[in-house]
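Undergrad: Letter by letter, the chains look like this.
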Amino acid sequence: MTTTSSTRPAPPSPPDAGTTAAPRRRSRTSARWRRPNVPGGLGAGVWLVIVGVPLYFLAVTSLRASGAYLADGPMALPSSLTVGNYITVLTSQFPRYFLNNLLVTVACVAIVIALALPAAYAIVRSRSRLVSTAFSVVLLGLAVPAQAVIVPLYLMITQLRLYDSLLAIILPTSAFALPLSIVVLTSSLRDVPKELYEAITIDGAGTVRTLFSLVLPLSRSGLATIGIYTALQAWNGFLFPLVLTQDPAVRVLTLGLWDFQGQYGTNVPLVTAAVTLSLLPLLVVYLLGRRFLLAGLTAGAGK
Amino acid sequence: MSGASHVDVARPGFGWVVPALVFFALFALVPMLGLIYLSFTAYDGLNPPVWVGMQNWQALAGDQLFLDSLRLSGMLTLLSWLLQTAVALPLGVYLAGKQRTRAVLAAIFFVPQLMSGAAIAVLWGTLFDPNFGLASVLGPLVGVPDGNFIGNPSLAFYVILFVISWQFMPFHTLLYQGATRAIPESLYEAATLDGAGRWRQFRSVTVPQLRDTIITSGVLIVVGSLTYFEIVLILTNGGPGTATRILPLHMYIEGFRSFQMGYAAALAVVLLVIGTALSLVITRVTGYRQMTSQREGM
Numbered sequence: 009m010t011t012t013s014s015t016r017p018a019p020p021s022p023p024d025a026g027t028t029a030a031p032r033r034r035s036r037t038s039a040r041w042r043r044p045n046v047p048g049g050l051g052a053g054v055w056l057v058i059v060g061v062p063l064y065f066l067a068v069t070s071l072r073a074s075g076a077y078l079a080d081g082p083m084a085l086p087s088s089l090t091v092g093n094y095i096t097v098l099t100s101q102f103p104r105y106f107l108n109n110l111l112v113t114v115a116c117v118a119i120v121i122a123l124a125l126p127a128a129y130a131i132v133r134s135r136s137r138l139v140s141t142a143f144s145v146v147l148l149g150l151a152v153p154a155q156a157v158i159v160p161l162y163l164m165i166t167q168l169r170l171y172d173s174l175l176a177i178i179l180p181t182s183a184f185a186l187p188l189s190i191v192v193l194t195s196s197l198r199d200v201p202k203e204l205y206e207a208i209t210i211d212g213a214g215t216v217r218t219l220f221s222l223v224l225p226l227s228r229s230g231l232a233t234i235g236i237y238t239a240l241q242a243w244n245g246f247l248f249p250l251v252l253t254q255d256p257a258v259r260v261l262t263l264g265l266w267d268f269q270g271q272y273g274t275n276v277p278l279v280t281a282a283v284t285l286s287l288l289p290l291l292v293v294y295l296l297g298r299r300f301l302l303a304g305l306t307a308g309a310g311k
Numbered sequence: 125m126s127g128a129s130h131v132d133v134a135r136p137g138f139g140w141v142v143p144a145l146v147f148f149a150l151f152a153l154v155p156m157l158g159l160i161y162l163s164f165t166a167y168d169g170l171n172p173p174v175w176v177g178m179q180n181w182q183a184l185a186g187d188q189l190f191l192d193s194l195r196l197s198g199m200l201t202l203l204s205w206l207l208q209t210a211v212a213l214p215l216g217v218y219l220a221g222k223q224r225t226r227a228v229l230a231a232i233f234f235v236p237q238l239m240s241g242a243a244i245a246v247l248w249g250t251l252f253d254p255n256f257g258l259a260s261v262l263g264p265l266v267g268v269p270d271g272n273f274i275g276n277p278s279l280a281f282y283v284i285l286f287v288i289s290w291q292f293m294p295f296h297t298l299l300y301q302g303a304t305r306a307i308p309e310s311l312y313e314a315a316t317l318d319g320a321g322r323w324r325q326f327r328s329v330t331v332p333q334l335r336d337t338i339i340t341s342g343v344l345i346v347v348g349s350l351t352y353f354e355i356v357l358i359l360t361n362g363g364p365g366t367a368t369r370i371l372p373l374h375m376y377i378e379g380f381r382s383f384q385m386g387y388a389a390a391l392a393v394v395l396l397v398i399g400t401a402l403s404l405v406i407t408r409v410t411g412y413r414q415m416t417s418q419r420e421g422m
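Chains as they are written, first to last, in our numbering: chain A, 9 to 311; chain B, 125 to 422.
Since the hints were derived computationally from the structure, they do not count as laboratory data.
Treat the hints with care, since some could be wrong.
Mimicking SDA-like on lysine to any residue, the simulated pairs with C-alpha atoms at most 25 Å apart in a straight line are [said to hold, decoys possible]: (1) LYS202/A / ASP132/B; (2) LYS202/A / GLY137/B; (3) LYS222/B / VAL59/A.
From the derived model, a few chain A residues whose C-beta atoms are all more than 10 Å from chain B [unchecked claim]: (4) LEU85; (5) LEU111; (6) ARG169; (7) ASP172; (8) ASP199; (9) VAL200; (10) ALA257; (11) GLY297.
The structure displayed is predicted, hence computed values, not measured ones.
Idealized CB from N, CA, C, for every residue including glycine.
Kindly generate the complete structure, drawing on both the sequences and the hints.
TA: Structure below.
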C-alpha cells in the first residue's frame, strides 16, 4: 500500500522522541492519521451495513402492520407506520416477563454488591492468610463456566424446593457474577492511600464504620462497574432460567422472546416489536451512562 | 508514610469474606464437585442418582453424536477466533481514531452488544426465515435460490458462526479500540521519522503493541465459543439433523430432553476440562502470565 524506503522495523524506543515531539505538538493527533484511511473506511463501511441493516430492519419492521410486511417484503420502505405491534406485545404476558427480569436483575445486583464489597475490603486490608487463600479461590472461580454446573445445580435447586421460583435464577446468577465483581472491586480499592484509613481510625472508626464512611464512598465507580456488569448478566441470562424454571409465572424476558417466536413466528412485525422492547432498557442505560456501561462490560477482560 | 504516626488501624478479618465465599462455594464450587460425582451415576432428574461406575464414560467413546459435536465445537471455536480477530482487530484500530465519524460508527457498532443472545437469535431467525425474511430476497442473489440457509446442512453451521460473531464482535472491537488508544504516540512519531507508512506502522507498531489484547481476546473467544449455546438452540436447535449440534447443546439435549443427566454430567466434565486446558495452554504458550512488557526500554 505504501512505498517506504526504510527496510528496518520501527525501533520501539527512540531516545529523541521527547525532543522532536515538542515542536510538533499541534500535529500530535494528525501525525498518526495524515491522509484519509481508505481501506479502513471501506472496511468500516462494510461492517456498518452488516450491523446497520439488521438494526434498521428491527426498528422499522416493529412499526409495520403484519399484512403490509407480508405483501411488500422484508426490506420495502414502509408505506405506513403503526404502534399496534407494541400494543399487542404490551397486552400479552410480556409485561410480566419484563417485571420478572427486573426483579431478578435488581436482586442480583443487590446480592453481589452486598457480598463483594466487604470481601474486597477484607482482601485489600486484612493481614490474615486465610483471606488471601479465599482470594485465590475467587480467582479460580473466574474460570468456571455455567455449563459445567448446570446438571448438579438442577439437582440442588430441586432438592432445595426452589425449582420454578425467581430465587432459582437469582442465586446462581449472583454467585457466578461474584468472582469477577470481587476482583474488579479489589483492584479499585487498592488505590486508596493508607493514610485515609489511618485518619479515619484516629477519628475513632472501627471496621464497620470504615466500610460505610470510607470504603463505600471511595469505591463508587467500582460499584457502578460491577453493578452494570451484574445487571447485564442477569438481564440477558438464558441458561439458568431455561433449566431451573418452567412456569410462565416466573418466566424472564429471554425465555419469553423465544416463546414469542414459537407462538407468533410468522408474525414478524410482532416478534421484532418484542425484541425491540427487550432491548430498550439497556439502550436507555447506554445513552445515559455510556462510560459506566462500557466499564461494566469490559470488566471481564482484565485490562 | 504520614510522619512517625503509628496508628493501630482496625483491620477486617476472615469473617468479612465468609459470606461471599460461602455463597460462591454453594452455587459454583459444590456443584462442580457434584458434577464429577454425577458423571458416575444414572440420574433421570426425578429419582435419586444411582451409582453406575464408568458406564457413562464408556458410553462417551461409542457416541458418534458426541464425537461429531466435539468436532463441530472445535471448528466453531477455531473459525470464530479467526473471524472475530480478523475483523475486530483492524476495526478497533480504525475506531481508535478520534474523528467524529469514527465515534459515531463506534456507537452504532456497539448496539448488538446490548442485546441478549436470545434476542439476537430471534432477530436473525426472522432475517434468515426462508419464507418471510431477508434471506428470501438475498438468497437467490448469492446462489441459494430457496433462501433456506438455516435448513441447509452445509450452510447452517456458517449461519451460526456468523451470528455468534455478530454478537461478540462489538466487545472485541472495544477491547482493541481501548488498547490501541493506550499505545504511546511517540512510537508512531518515531516510525514516521523512519519513513514508515500507515501499513508499515500497523504491522510493526500497532500489532506488536496489541499482543496482550490479542491473547486476552483470544482466550475469551475460545472459552466463550466452547460454552456458547443459546443462539444455536434458538436458531437451528442443533439441526438440520445434527448438523449444528455443538458440544454444549449435545449436553443440554442429553440432560434436559432425554433426561440422561448422568451422561450429560460426563459431557460437562469434558467441556470443563477442554475449556480449562485450552485457556491454560494459550496463556502458557504465549507467556501471558509473565506479563512481559511490550515497551521495554521506554
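Undergrad: Can we trust that LEU111/A is non-interface, i.e. its beta-carbon lies farther than 10 Å from all of chain B?
TA: For LEU111/A, whose nearest Cβ neighbour in chain B is about 17 Å away, the distance exceeds 10 Å, so it holds.
Undergrad: Once the closest CB in chain B is found, is it more than 10 Å from ARG169/A?
TA: Holds, since 14 Å exceeds 10 Å.
Undergrad: Is the nearest Cβ of chain B still more than 10 Å from the Cβ of VAL200/A?
TA: holds, 12 Å
Undergrad: Can we confirm that no CB of chain B comes within 10 Å of the CB of ASP172/A?
TA: Holds: least Cβ distance 14 Å, greater than 10 Å.
Undergrad: With the threshold set at 25 Å, check whether the alpha-carbon distance from LYS202/A to GLY137/B stays at or below it.
TA: holds, 17 Å
Undergrad: Quick one: work out the minimum CB distance from ASP199/A to chain B and report holds if it exceeds 10 Å, violated otherwise.
TA: holds, 17 Å
Undergrad: Using Cβ atoms and 10 Å as the threshold, tell me whether LEU85/A really stays out of contact range of chain B.
TA: holds, 14 Å
Undergrad: Starting from LYS222/B, check that the Cα of VAL59/A is at most 25 Å away, please.
TA: Judged against 25 Å, a Cα distance of about 21 Å means the pair holds.
Undergrad: Compute the least Cβ-Cβ separation between GLY297/A and chain B, then decide whether it is above 10 Å.
TA: The claim holds: GLY297/A sits with its nearest Cβ about 13 Å from chain B, beyond 10 Å.
Undergrad: Between LYS202/A and ASP132/B, is the straight-line Cα distance small enough, at 25 Å or below?
TA: holds, 12 Å
Undergrad: Using Cβ atoms and 10 Å as the threshold, tell me whether ALA257/A really stays out of contact range of chain B.
TA: holds, 19 Å
Hint check: no violations occur; every hint is consistent with the structure.
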